[in-house]
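*Asks:* Heads up: the protein sequence lines correspond to chains F and Y, in order. Just so you know, my numbering puts 37 at position 37 of the first sequence, and the rest follows in order with no gaps. Just so you know, my numbering puts 253 at position 74 of the second sequence, and the rest follows in order with no gaps.
In case anyone wonders, no lab produced these hints; they're calculated from the structure. There may be inaccurate statements among the hints.
Reference listing, derived: stretches of chain Y covered by chain F, where coverage requires no fewer than 3 residues with Cβ under 8 angstroms from a Cβ of chain F [stated by the list, open to error]:
1. 271 to 283
2. 338 to 351
Using C-beta positions, here's what the derived DEER-type ranges look like [what the hints assert, rightly or not]:
3. Arg330(Y) x Arg136(F): 23 to 31 angstroms
4. Gly305(Y) x Ala28(F): 24 to 32 angstroms
5. Gly335(Y) x Arg82(F): 32 to 40 angstroms
6. Arg312(Y) x Asp162(F): 20 to 28 angstroms
7. Arg292(Y) x Asp130(F): 31 to 39 angstroms
8. Ala166(F) x Arg330(Y): 14 to 22 angstroms
Computed from a predicted structure; not experimentally measured. Virtual Cβ for every residue (Gly too), placed ideally from N, Cα, C.
2 protein chains.
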Amino acid sequence: MPEDAPPEDAPPEDPAPRDPALDASPLALEAWLPYRLFIVSARVAGVLEGYYGPTYGLTQASWRTLAVIGDRPGLSAGEIARAAGLDQFATSRTIAHLMKLGFAERASATRDRRRASLSLTRAGTGAFADIARLARGIEDTLESGLSAAERRALDGALARLDEASAALAARGWRGLEPR
Amino acid sequence: MPEDAPPEDAPPEDPAPRDPALDASPLALEAWLPYRLFIVSARVAGVLEGYYGPTYGLTQASWRTLAVIGDRPGLSAGEIARAAGLDQFATSRTIAHLMKLGFAERASATRDRRRASLSLTRAGTGAFADIARLARGIEDTLESGLSAAERRALDGALARLDEASAALAARGWRGLEPR
DNA sequence: CCATAAACTTGCAGAATGCAAACATATCGC
DNA sequence: GCGATATGTTTGCATTCTGCAAGTTTATGG
Numbered sequence: 001m002p003e004d005a006p007p008e009d010a011p012p013e014d015p016a017p018r019d020p021a022l023d024a025s026p027l028a029l030e031a032w033l034p035y036r037l038f039i040v041s042a043r044v045a046g047v048l049e050g051y052y053g054p055t056y057g058l059t060q061a062s063w064r065t066l067a068v069i070g071d072r073p074g075l076s077a078g079e080i081a082r083a084a085g086l087d088q089f090a091t092s093r094t095i096a097h098l099m100k101l102g103f104a105e106r107a108s109a110t111r112d113r114r115r116a117s118l119s120l121t122r123a124g125t126g127a128f129a130d131i132a133r134l135a136r137g138i139e140d141t142l143e144s145g146l147s148a149a150e151r152r153a154l155d156g157a158l159a160r161l162d163e164a165s166a167a168l169a170a171r172g173w174r175g176l177e178p179r
Numbered sequence: 180m181p182e183d184a185p186p187e188d189a190p191p192e193d194p195a196p197r198d199p200a201l202d203a204s205p206l207a208l209e210a211w212l213p214y215r216l217f218i219v220s221a222r223v224a225g226v227l228e229g230y231y232g233p234t235y236g237l238t239q240a241s242w243r244t245l246a247v248i249g250d251r252p253g254l255s256a257g258e259i260a261r262a263a264g265l266d267q268f269a270t271s272r273t274i275a276h277l278m279k280l281g282f283a284e285r286a287s288a289t290r291d292r293r294r295a296s297l298s299l300t301r302a303g304t305g306a307f308a309d310i311a312r313l314a315r316g317i318e319d320t321l322e323s324g325l326s327a328a329e330r331r332a333l334d335g336a337l338a339r340l341d342e343a344s345a346a347l348a349a350r351g352w353r354g355l356e357p358r
């Protein structure tokens with residue numbers, strides 16, 4: 001039925017006249033440092049989610065929120081959002097979700113009743129401890145392939161990357177030095 | 180208005196009777212290796228998106244797809260999906276989006292006409308090269324804080340983490356050795 | 001040729017997101 | 001005190017994204 005005759009050969013458009021110099025692929029994704037970091041973290045996130053999702057009904061966002069509350073109880077919703085790098089609205093909903101699941105609770109009875117400080121219920125604490133056990137196991141597995149010296153080197157390098165990326169994020173792409 | 184008298188004090192529920200041993204926070208997110216990797220890559224992704232979003236109308240998914248096509252032209256939709264770690268359906272739509280933007284094109288004229296191999300148009304190639312320039316600049320900025328030795332160490336450690344995380348993802352959380 | 005399989009694409013329902021507006025409470029200036 | 005204004009958080013709603021079932025097109029095997 002395709003009446004409009006499909007041109008069987010490559011059209012006569014020149015397939016890029018080959019600039020000199022910048023010629024090989026301009027960016028090999030698999031070798032690009034940020035992508036390599038992403039791949040590892042995404043795989044780990046997927047594995048961990050494969051546990052806490054079916055077991056506790058959590059999503060990646062709610063797990064992260066749960067972990068922040070568990071790690072630093074007493075924060076308010078906005079502070080959690082900032083700490084977890086999520087936005088205020090989504091965090092508000094995620095907290096509501098965690099409360100519905102019975103994992104988090106608001107403490108009223110503060111001076112400023114606009115902000116409610118959050119903490120985990122007993123069930124939430126249990127879930128957090130359980131998932132954290134697995135998380136630590138994963139970290140151990142990842143690090144088991146590294147020598148002690150390599151671990152130290154990685155730790156230091158990551159600290160530098162953390163600083164550098166924070167500065168970068170603060171300045172935006174426009175702030176890149178022209179090199 | 181709130182007629183139901185709000186109990187001003189903390190309720191008499193015991194705030195966790197303090198298990199011995201496992202007592203300090205079970206997981207400090209900021210120190211957890213996968214989270215540290217995530218933070219850096221997310222910041223970078225955000226900065227880069229701040230450029231290609233407004234400039235080219237791309238989302239993170241479409242940028243990633245664009246980069247894969249640019250890096251390895253000739254792949255089919257399914258192969259791209261596997262390479263980029265995205266799912267088939269989403270990739271199909273993303274490709275349609277890229278074609279609507281004039282950045283990608285399907286080459287018909289193959290033997291098996293179910294699979295169409297994809298490549299970038301001239302405009303797509305230009306966008307890819309432009310964004311890649313910025314991406315390389317970002318990588319340089321990140322690495323500029325590291326000594327040559329540190330870079331090598333990071334590179335090696337990341338290679339190990341890549342292997343280990345791939346194995347982990349293949350086996351799932353159940354496959355963790357009991358330690 | 002017909003049956004079945006493979007590679008994609010489309011439709012659609014439900015979930016997630018982004019943003020404006022609403023709420024509730026505090027605080028400040030008078 | 002008491003409006004005016006600011007702050008912390010939630011809600012409503014339109015838009016977009018996802019996940020999955022079903023559809024389309026092309027191959028392949030009997």
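*Asks:* Does each hint fit the structure? Answer for all of them.
*Replies:* Verification of the hints:
no., hint, verdict
1, 271 to 283, "violated (count 0)"
2, 338 to 351, "holds (count 10)"
3, Arg330(Y) x Arg136(F): 23 to 31 angstroms, "holds, 28 angstroms"
4, Gly305(Y) x Ala28(F): 24 to 32 angstroms, "violated, 18 angstroms"
5, Gly335(Y) x Arg82(F): 32 to 40 angstroms, "holds, 35 angstroms"
6, Arg312(Y) x Asp162(F): 20 to 28 angstroms, "holds, 24 angstroms"
7, Arg292(Y) x Asp130(F): 31 to 39 angstroms, "violated, 51 angstroms"
8, Ala166(F) x Arg330(Y): 14 to 22 angstroms, "holds, 19 angstroms"
This entry does not satisfy hints 1, 4, 7, going by the numbered hints stated previously.
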